[in-house]
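J.: Build the full structure now, drawing on both the sequences and the hints.
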Amino acid sequence: KLSKFLSTESVAPDEANSYLTQLMNDEPETYAEVKKYLLTFEDLLLMPDDIAADFWSNPDIDLDELAKALKGVDDETVNTILEGLPKKKQAMYTPIEKPMRKKDVVAARKVIVNLASEMAKSGEMKIEDILSGTDNEMIE
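With my numbering, letter number 132 in the sequence shown gets 130, and the count goes up by one each step, no holes.
If you are wondering where the hints come from, they were derived from the structure by calculation, not from laboratory data. Quick caveat, the model's predicted, so the values are computed rather than measured. Among these hints, one or two may not hold up.
Claimed, not checked - Each computed DSS-like pair below joins lysine-lysine, with the alpha-carbon atoms no more than 27 Å apart:
1) K87 <-> K100
2) K86 <-> K108
3) K96 <-> K69
4) K108 <-> K85
5) K108 <-> K69
6) K96 <-> K119
7) K96 <-> K108
8) K96 <-> K85
9) K69 <-> K100
10) K87 <-> K69
11) K96 <-> K86
12) K108 <-> K119
13) K87 <-> K108
14) K87 <-> K101
15) K87 <-> K124
16) K124 <-> K108
17) K101 <-> K69
18) K69 <-> K85
T.: Shown next, in the form of structure tokens:
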């Protein structure tokens, strides 16, 4: 129920992130359980490389939506995502140079997050694998 609440149109992404941050600080165990059911665009940007390559090259990702969703993302991350696309899609990708309304960027990100959620529900990907990229700390 909580993940549906946080992903509804009535809750702004900033508000949902604020709530999750508060939950993480106050109740880490509950946060860990909620996080298993709730993906964010930032989670997708931090996916492990092998999972990211499969996800971002998905033919269901529209290049125009991707360009909108990547608006405001750092160049290094954008380049990493684009390098994982098939060469034809790389050539067809056009970044958006002009300023965009935040709500348009948020809407495009939501489309992509919804695709990832559907892939997780169908078993094509595991949320745990996606979220494992957020904990990439290495020990030598």
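J.: So, for every hint listed, does it hold in this structure?
T.: Hints, one by one, checked against the model:
{"no.": "1", "hint": "K87 <-> K100", "verdict": "holds (25 Å)"}
{"no.": "2", "hint": "K86 <-> K108", "verdict": "holds (25 Å)"}
{"no.": "3", "hint": "K96 <-> K69", "verdict": "holds (9 Å)"}
{"no.": "4", "hint": "K108 <-> K85", "verdict": "holds (25 Å)"}
{"no.": "5", "hint": "K108 <-> K69", "verdict": "holds (13 Å)"}
{"no.": "6", "hint": "K96 <-> K119", "verdict": "violated (35 Å)"}
{"no.": "7", "hint": "K96 <-> K108", "verdict": "holds (21 Å)"}
{"no.": "8", "hint": "K96 <-> K85", "verdict": "holds (25 Å)"}
{"no.": "9", "hint": "K69 <-> K100", "verdict": "holds (9 Å)"}
{"no.": "10", "hint": "K87 <-> K69", "verdict": "holds (18 Å)"}
{"no.": "11", "hint": "K96 <-> K86", "verdict": "holds (24 Å)"}
{"no.": "12", "hint": "K108 <-> K119", "verdict": "holds (16 Å)"}
{"no.": "13", "hint": "K87 <-> K108", "verdict": "holds (21 Å)"}
{"no.": "14", "hint": "K87 <-> K101", "verdict": "holds (25 Å)"}
{"no.": "15", "hint": "K87 <-> K124", "verdict": "holds (25 Å)"}
{"no.": "16", "hint": "K124 <-> K108", "verdict": "holds (18 Å)"}
{"no.": "17", "hint": "K101 <-> K69", "verdict": "holds (12 Å)"}
{"no.": "18", "hint": "K69 <-> K85", "verdict": "holds (21 Å)"}
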